[in-house]
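Starting from the structure of chain A, add chain B where the hints point.
Protein chains: 2
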Amino acid sequence: MTNTQACLITIGDELLIGQVIDTNSAWIAQQLNAEGIDVTKRIAVGDTDKDIRDVLDEEIPKADLVIITGGLGPTSDDITKPLLCDYFGGKLVVNERVRQHLLDIFARRNRPILERNMKQAEVPDNCTVLFNRMGTAPGMLFTKGEKRIISLPGVPFEMMNIMEHEVLPLLRKLATGEAIVHRTIFTAGEGESIIAEKILDIEAALPPHIKLAYLPNAGMVRLRLTGRSNDKKTLEQEVRQWQQQLAERLDNIVIALEDQSLQEILSNTLKTKKLTIGFAESCTGGCLGHYMTQVPGASEYFYGSMVCYQNHIKESVLGVKAGTLAEHGAVSAQTAIEMAQGAQRLLKADYTLSVTGMLGPFDEGVKSGKVWMAVAHGTGVITKDFTFHYDRARNKEMAVQMGMLLLWKVINGKL
Amino acid sequence: MTNTQACLITIGDELLIGQVIDTNSAWIAQQLNAEGIDVTKRIAVGDTDKDIRDVLDEEIPKADLVIITGGLGPTSDDITKPLLCDYFGGKLVVNERVRQHLLDIFARRNRPILERNMKQAEVPDNCTVLFNRMGTAPGMLFTKGEKRIISLPGVPFEMMNIMEHEVLPLLRKLATGEAIVHRTIFTAGEGESIIAEKILDIEAALPPHIKLAYLPNAGMVRLRLTGRSNDKKTLEQEVRQWQQQLAERLDNIVIALEDQSLQEILSNTLKTKKLTIGFAESCTGGCLGHYMTQVPGASEYFYGSMVCYQNHIKESVLGVKAGTLAEHGAVSAQTAIEMAQGAQRLLKADYTLSVTGMLGPFDEGVKSGKVWMAVAHGTGVITKDFTFHYDRARNKEMAVQMGMLLLWKVINGKL
Numbered sequence: 375m376t377n378t379q380a381c382l383i384t385i386g387d388e389l390l391i392g393q394v395i396d397t398n399s400a401w402i403a404q405q406l407n408a409e410g411i412d413v414t415k416r417i418a419v420g421d422t423d424k425d426i427r428d429v430l431d432e433e434i435p436k437a438d439l440v441i442i443t444g445g446l447g448p449t450s451d452d453i454t455k456p457l458l459c460d461y462f463g464g465k466l467v468v469n470e471r472v473r474q475h476l477l478d479i480f481a482r483r484n485r486p487i488l489e490r491n492m493k494q495a496e497v498p499d500n501c502t503v504l505f506n507r508m509g510t511a512p513g514m515l516f517t518k519g520e521k522r523i524i525s526l527p528g529v530p531f532e533m534m535n536i537m538e539h540e541v542l543p544l545l546r547k548l549a550t551g552e553a554i555v556h557r558t559i560f561t562a563g564e565g566e567s568i569i570a571e572k573i574l575d576i577e578a579a580l581p582p583h584i585k586l587a588y589l590p591n592a593g594m595v596r597l598r599l600t601g602r603s604n605d606k607k608t609l610e611q612e613v614r615q616w617q618q619q620l621a622e623r624l625d626n627i628v629i630a631l632e633d634q635s636l637q638e639i640l641s642n643t644l645k646t647k648k649l650t651i652g653f654a655e656s657c658t659g660g661c662l663g664h665y666m667t668q669v670p671g672a673s674e675y676f677y678g679s680m681v682c683y684q685n686h687i688k689e690s691v692l693g694v695k696a697g698t699l700a701e702h703g704a705v706s707a708q709t710a711i712e713m714a715q716g717a718q719r720l721l722k723a724d725y726t727l728s729v730t731g732m733l734g735p736f737d738e739g740v741k742s743g744k745v746w747m748a749v750a751h752g753t754g755v756i757t758k759d760f761t762f763h764y765d766r767a768r769n770k771e772m773a774v775q776m777g778m779l780l781l782w783k784v785i786n787g788k789l
Numbered sequence: 375m376t377n378t379q380a381c382l383i384t385i386g387d388e389l390l391i392g393q394v395i396d397t398n399s400a401w402i403a404q405q406l407n408a409e410g411i412d413v414t415k416r417i418a419v420g421d422t423d424k425d426i427r428d429v430l431d432e433e434i435p436k437a438d439l440v441i442i443t444g445g446l447g448p449t450s451d452d453i454t455k456p457l458l459c460d461y462f463g464g465k466l467v468v469n470e471r472v473r474q475h476l477l478d479i480f481a482r483r484n485r486p487i488l489e490r491n492m493k494q495a496e497v498p499d500n501c502t503v504l505f506n507r508m509g510t511a512p513g514m515l516f517t518k519g520e521k522r523i524i525s526l527p528g529v530p531f532e533m534m535n536i537m538e539h540e541v542l543p544l545l546r547k548l549a550t551g552e553a554i555v556h557r558t559i560f561t562a563g564e565g566e567s568i569i570a571e572k573i574l575d576i577e578a579a580l581p582p583h584i585k586l587a588y589l590p591n592a593g594m595v596r597l598r599l600t601g602r603s604n605d606k607k608t609l610e611q612e613v614r615q616w617q618q619q620l621a622e623r624l625d626n627i628v629i630a631l632e633d634q635s636l637q638e639i640l641s642n643t644l645k646t647k648k649l650t651i652g653f654a655e656s657c658t659g660g661c662l663g664h665y666m667t668q669v670p671g672a673s674e675y676f677y678g679s680m681v682c683y684q685n686h687i688k689e690s691v692l693g694v695k696a697g698t699l700a701e702h703g704a705v706s707a708q709t710a711i712e713m714a715q716g717a718q719r720l721l722k723a724d725y726t727l728s729v730t731g732m733l734g735p736f737d738e739g740v741k742s743g744k745v746w747m748a749v750a751h752g753t754g755v756i757t758k759d760f761t762f763h764y765d766r767a768r769n770k771e772m773a774v775q776m777g778m779l780l781l782w783k784v785i786n787g788k789l
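As you go down the protein sequences, you meet chains A and B in turn. Note that this note's numbering has the first sequence beginning at 375, numbered continuously upward. Note that this note's numbering has the second sequence beginning at 375, numbered continuously upward.
Same shape as in the complex, but just chain A (with noise of 0.2 Å):
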């Protein structure tokens, strides 16, 4: 039996004119994998009848299942709920629990109840009403003879919140098919190509049920083994044992064996060392503690960060000496050593990293950006340069890993 095939389409004009990144896309496509459904298809249509009819015209009859998300608030662009109920052939009654819902928001907040959210309480007869907890448009499901049409609200915690309490639990009950597991390897320190020679016997030898995919990004390369099998548990002894067999090959660059964030894996390093951190930021303004504190229970090993955006800050709040910042300019080894060792006595923790340079934009004739960092433990201190080439926001990102990844390497002995 084959597994469920997906279709996911986002409406919104929005878009379409890159006002606003799509990341409920991505959020679905993990949940749905996660649960042994393939996506095939990712579709972002405007809010126009026409576009959206067309649309699921051409979907319907290829996916099992279609999920759907945006164009449900009050306002007039909101098109998506009158054009499904009158796609599927329904008509708008009121649901009982969605106003009463809706008049509980409404009281809670203390604020004017209109007619426009009223009509939010307004379902097509002929769906299934997902509740929504978190908001006022609630979702829905459509059933086309074996075929199955979810339309969310687009609005992310409300969406994710439908997924998890109603959709999820509706499509394990329908679930059918292979098992899909994924499996990663994390590098840092080569190039997707050299990788690719080193483990190229390796990728020869791969069972046409398992794929391998290389994904590089900010200087580092991820590795994801995904395999098929009617047999799941069989499946993941086999995936581990070639994610094994990678990572020996790789060993000098792998960086971790789980899907994770570098912060996440760095967590991971100061909890089970029991060690703490701080930081000296000038040029990534509040990024890196930012990264840190992502990860719940930062607080364990994370002390904080001086962000110390102009020389005199340098100077009065890290220690920093005029006569450094004269002689060797800001973007130094000399100030990056007395920016982490000034963190030291500000913050007191085990080891402090600091962060100067230059990442754009560029005068004219300046073509990349110079970065400084220097990790400062004890009454040691490791400094070490980068060059960045691209724009300030990407250099920042840059700058931001590759101080992650060093604190990592000189934490674990693998500078």
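Quick caveat, the hints were computed from the structure, so don't treat them as lab data. Possibly wrong hints are sitting among the right ones.
No more than 25 Å apart at the CA atoms, straight line, and that leaves these computed lysine-lysine pairs for BS3-like [as the list claims (entries may be wrong)]:
id, chain 1, residue 1, chain 2, residue 2
1, B, Lys493, B, Lys436
2, A, Lys436, A, Lys493
3, B, Lys645, B, Lys465
4, B, Lys758, B, Lys722
5, A, Lys436, A, Lys585
6, A, Lys695, A, Lys783
7, B, Lys424, A, Lys585
8, A, Lys758, A, Lys647
9, A, Lys424, B, Lys572
10, A, Lys521, B, Lys424
11, A, Lys521, A, Lys547
12, A, Lys436, B, Lys424
13, A, Lys783, A, Lys648
14, B, Lys647, A, Lys572
15, B, Lys585, A, Lys424
16, B, Lys607, B, Lys647
17, A, Lys436, B, Lys436
18, B, Lys493, A, Lys493
19, B, Lys518, A, Lys585
20, A, Lys645, A, Lys695
21, B, Lys695, A, Lys722
22, A, Lys572, A, Lys585
23, B, Lys572, A, Lys493
24, A, Lys695, A, Lys648
25, B, Lys547, B, Lys518
26, B, Lys647, B, Lys788
27, B, Lys722, A, Lys695
28, B, Lys722, B, Lys695
29, B, Lys521, B, Lys436
30, B, Lys788, B, Lys741
31, A, Lys424, B, Lys521
32, A, Lys722, A, Lys788
33, A, Lys722, B, Lys722
Just chain B now, with coordinates in the frame of chain A:
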């Protein structure tokens, strides 16, 4: 004459399993839109020969322009180039300019050049090469009758560079049809339903060639007017007049009349008023500093941020009293006040903003995050508390946005 209709196709399994978020499509859509090209559909498909061919068969007849990204790398999961070559009936031949460029890149990086890298110098003999200054995979332009099909690498800065230097100049030469003009009204303080009621009559009076969209995000709502006409100059005046009318009606909630981020709006205010700022961040972990330093030239007004993720750092670096923490807790008006005042002593900026709170994940029974903020200026200090109902990441984003908004309001005397 109607506008060029474009379809964007992204290739890669990573998009269908949700391992990466597609930021390329939003950027490309913005660029095309600015040239008067309508993006009518965005599609993501996997690295599967049949799926890619099917989507080309379906979409090329409907669009004037198809832009494909991804699948051009040097590894075996990158199948786009030979597929397109075959689809349009060509064969692969070595391109001398690309070959020389590859040799130069590897020489400069002092890296060994592999057979699989040199393969990237092969291009279909039925395409126009779009030179890739920033990387190894060239872009390609195929022509089918009046239709143009463009293939670009998926690495964002490579794609952007080819778009800017090769694709957009070409599209400008071919440009026909109506001009598109967007104007935005950035509001904070009311939800989209209330706004819609307030401007009901204005929205109803809009001419058919001007459309209004509501884009709510993180406690703020952007209203976007989009006009289309053959007479760009008159259209610009017209859209501006409607924008003015809406802005007057919504007066007390309007933050800006540009489609800018809050960090850009705040930066403009600081530059105009020649003021400096600094932060004391607890729960936002450095994200406020990160956002402010996204704006080039931030060192003119942004001094720095003390990220104090632990109470003992709040005490030792910012001088928050142990008694205050013990009596009122870290999440309190009193702690926020002492943090903002401590940041004033430390950073000596005109205005300092402090943020302290709980963003989640929460223990059983706790459903929302409480955050206190304070703004200190001279001897004065203002506090404000917030309750956020979402998950850790979204609550952090809300806290950062509300922090910048609070600072903007205090500085502009709008609180």
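Results of checking the hints against the structure:
Under the criterion of a C-alpha separation no larger than 25 Å, the hint pairing Lys493/B with Lys436/B is inconsistent with the structure, at around 33 Å. Of the supplied pair hints, the one linking Lys436/A and Lys493/A is violated, its CA atoms being roughly 33 Å apart against a limit of 25 Å. A hinted pair counts as satisfied when its Cα atoms are at most 25 Å apart, and Lys645/B with Lys465/B does not qualify at roughly 57 Å. About 22 Å separates the Cα atoms of Lys758/B and Lys722/B, which keeps this hinted pair within 25 Å; it holds.
The straight-line distance between the Cα atoms of Lys436/A and Lys585/A is roughly 24 Å, inside the 25 Å bound, and the hint therefore holds. With a CA separation close to 28 Å, the supplied pair Lys695/A and Lys783/A exceeds the 25 Å bound. Restraint check for Lys424/B and Lys585/A: the C-alpha separation of about 17 Å stays at or below 25 Å, so the hint holds. Restraint check for Lys758/A and Lys647/A: the C-alpha separation of about 24 Å stays at or below 25 Å, so the hint holds.
Our distance criterion of 25 Å between C-alpha atoms is broken by Lys424/A and Lys572/B, whose separation comes to about 30 Å. Simply put, Lys521/A and Lys424/B have alpha-carbon atoms about 22 Å apart, close enough for the 25 Å limit, and the pair holds. With a CA separation close to 15 Å, the supplied pair Lys521/A and Lys547/A stays within the 25 Å bound. In summary, the hint linking Lys436/A to Lys424/B is supported, as the alpha carbons are separated by about 13 Å, within the 25 Å threshold.
A C-alpha spacing of about 16 Å is found between Lys783/A and Lys648/A, which places the hinted pair at or below 25 Å, so the restraint holds. Under the criterion of a C-alpha separation no larger than 25 Å, the hint pairing Lys647/B with Lys572/A is inconsistent with the structure, at around 58 Å. Annotation: proposed proximity of Lys585/B to Lys424/A holds, straight-line Cα distance about 17 Å (limit 25 Å). Between Lys607/B and Lys647/B the CA atoms are separated by roughly 33 Å; this puts the pair beyond 25 Å, and the hint is violated.
Proximity of Lys436/A to Lys436/B is assessed by CA-CA distance (about 19 Å); at most 25 Å being required, the pair is judged to hold. Under the criterion of a C-alpha separation no larger than 25 Å, the hint pairing Lys493/B with Lys493/A is inconsistent with the structure, at around 59 Å. Between the alpha carbons of Lys518/B and Lys585/A the distance comes to roughly 34 Å, so the proposed pair goes past 25 Å and is violated. Restraint check for Lys645/A and Lys695/A: the C-alpha separation of about 34 Å exceeds 25 Å, so the hint is violated.
In summary, the hint linking Lys695/B to Lys722/A is supported, as the alpha carbons are separated by about 19 Å, within the 25 Å threshold. Proposed proximity of Lys572/A and Lys585/A is supported: the alpha carbons are some 17 Å apart, at most 25 Å. A hinted pair counts as satisfied when its Cα atoms are at most 25 Å apart, and Lys572/B with Lys493/A qualifies at roughly 18 Å. A threshold of 25 Å between alpha carbons decides the hint, and for Lys695/A with Lys648/A the separation of about 32 Å lies outside it, so the pair is violated.
Only pairs whose Cα atoms come within 25 Å are accepted, and Lys547/B paired with Lys518/B is accepted, the gap being roughly 18 Å. This hinted pair checks out: Lys647/B and Lys788/B have alpha carbons roughly 15 Å apart, not beyond 25 Å. For the proposed pair Lys722/B and Lys695/A, the alpha carbon gap of about 19 Å is at most 25 Å, so the pair holds. Distance hint between Lys722/B and Lys695/B is fulfilled; the C-alpha atoms sit about 20 Å from each other, no more than 25 Å.
A hinted pair counts as satisfied when its Cα atoms are at most 25 Å apart, and Lys521/B with Lys436/B qualifies at roughly 10 Å. This hinted pair does not check out: Lys788/B and Lys741/B have alpha carbons roughly 31 Å apart, beyond 25 Å. As the CA atoms of Lys424/A and Lys521/B are separated by approximately 22 Å, the hinted pair is consistent with the 25 Å bound. At most 25 Å may separate the alpha-carbon atoms for a hinted pair to count; Lys722/A and Lys788/A meet this at roughly 24 Å.
About 23 Å separates the Cα atoms of Lys722/A and Lys722/B, which keeps this hinted pair within 25 Å; it holds.
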